[in-house]
Amino acid sequence: EVQLVESGGNLVQPGGSLRLSCAGSGIRLSSYWMSWVRQAPGKGLEWVASIKQDGSEKYYVDSVKGRFTISRDNAKNSLNLQMNSLRVDDTAVYYCATQYGSATYYVLWGQGTLVTVSS
Amino acid sequence: QSVLTQPPSVSGAPGQRVTISCTGSTSNIGAHYDVHWYQQLPGTAPKLLIYGNTNRPAGVPDRFSGSKSGTSASLAITGLQAEDEATYYCQSYDSSLSGSVFGGGTKLTVL
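So the protein lines, in turn, are chains A and B. Residue numbering for the first sequence follows our numbering, beginning at 641 and increasing consecutively. Residue numbering for the second sequence follows our numbering, beginning at 2 and increasing consecutively.
Some hints here could point you the wrong way.
Only pairs whose alpha carbons sit at most 27 angstroms apart, straight line, appear in this in silico DSS-like list of lysine-lysine [to be verified]: (1) A:K705 - A:K692; (2) A:K716 - A:K705; (3) A:K698 - B:K108; (4) B:K48 - A:K716; (5) B:K108 - A:K705; (6) B:K108 - A:K683; (7) A:K683 - A:K705; (8) A:K692 - B:K48.
Honestly, the hints are just simulated from the structure, not real lab data.
Could you put together the complete structure from these sequences and hints?
What follows is the structure in structure tokens.
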């Protein structure tokens with residue numbers, strides 16, 4: 641079965657750090673742009689970050705610039721999101737998703753992993 | 002405040018037709034970037050419903066259709082069924098933000 645599986649979500653205090661991972665199964669992630677999209681409780685979808693197939697281009701939403709870092713390991717067929725200086729408003733379900741290009745649609749989504757930032 | 006504007010909710014009786022609008026600006030939809038639509042059932046991940054303004058992925062019923070004009074786009078659902086009850090999101094690309102933008106989501110209630 642083709643799927644993306646996120647992991648790493650947890651409860652963390654404000655100012656803390658967390659690393660999310662996304663593993664591909666039945667799909668070669670190196671063929672796709674990869675992105676993280678988040679959804680705060682009861683809210684809509686928000687694009688967070690994207691990375692090109694070879695990692696040479698990375699883009700971030702303004703609210704996470706300087707705090708979050710997207711990376712990928714094509715040898716391990718995985719995607720990561722390092723989140724530092726976490727804030728309460730970063731609380732959300734984080735989804736990884738594949739794209740054919742940075743300006744295109746999200747083809748395949750993972751099931752999501754919950755990040756809760758609270759004291 | 003989302004970059005793309007959608008109505009918070011729409012409703013319709015089984016068998017009826019409903020439309021969901023998505024309004025953007027000259028830096029996204031109006032800049033000729035495609036609009037895509039997703040269906041999100043409660044407690045699940047979004048699912049691609051329409052891509053490239055009008056195209057349906059394999060397995061999506063032809064009751065779902067998309068259109069785009071100027072700085073706006075629409076999703077139409079005909080022959081409403083109870084299983085269509087979900088939240089629908091539009092998505093495009095914004096050149097001024099260098100990233101994807103989503104609508105705030107529209108909750109469809111099947112009466």
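Verification of the hints:
{"no.": "1", "hint": "A:K705 - A:K692", "result": "holds, 17 angstroms"}
{"no.": "2", "hint": "A:K716 - A:K705", "result": "holds, 26 angstroms"}
{"no.": "3", "hint": "A:K698 - B:K108", "result": "violated, 32 angstroms"}
{"no.": "4", "hint": "B:K48 - A:K716", "result": "holds, 25 angstroms"}
{"no.": "5", "hint": "B:K108 - A:K705", "result": "violated, 31 angstroms"}
{"no.": "6", "hint": "B:K108 - A:K683", "result": "holds, 12 angstroms"}
{"no.": "7", "hint": "A:K683 - A:K705", "result": "holds, 21 angstroms"}
{"no.": "8", "hint": "A:K692 - B:K48", "result": "holds, 22 angstroms"}
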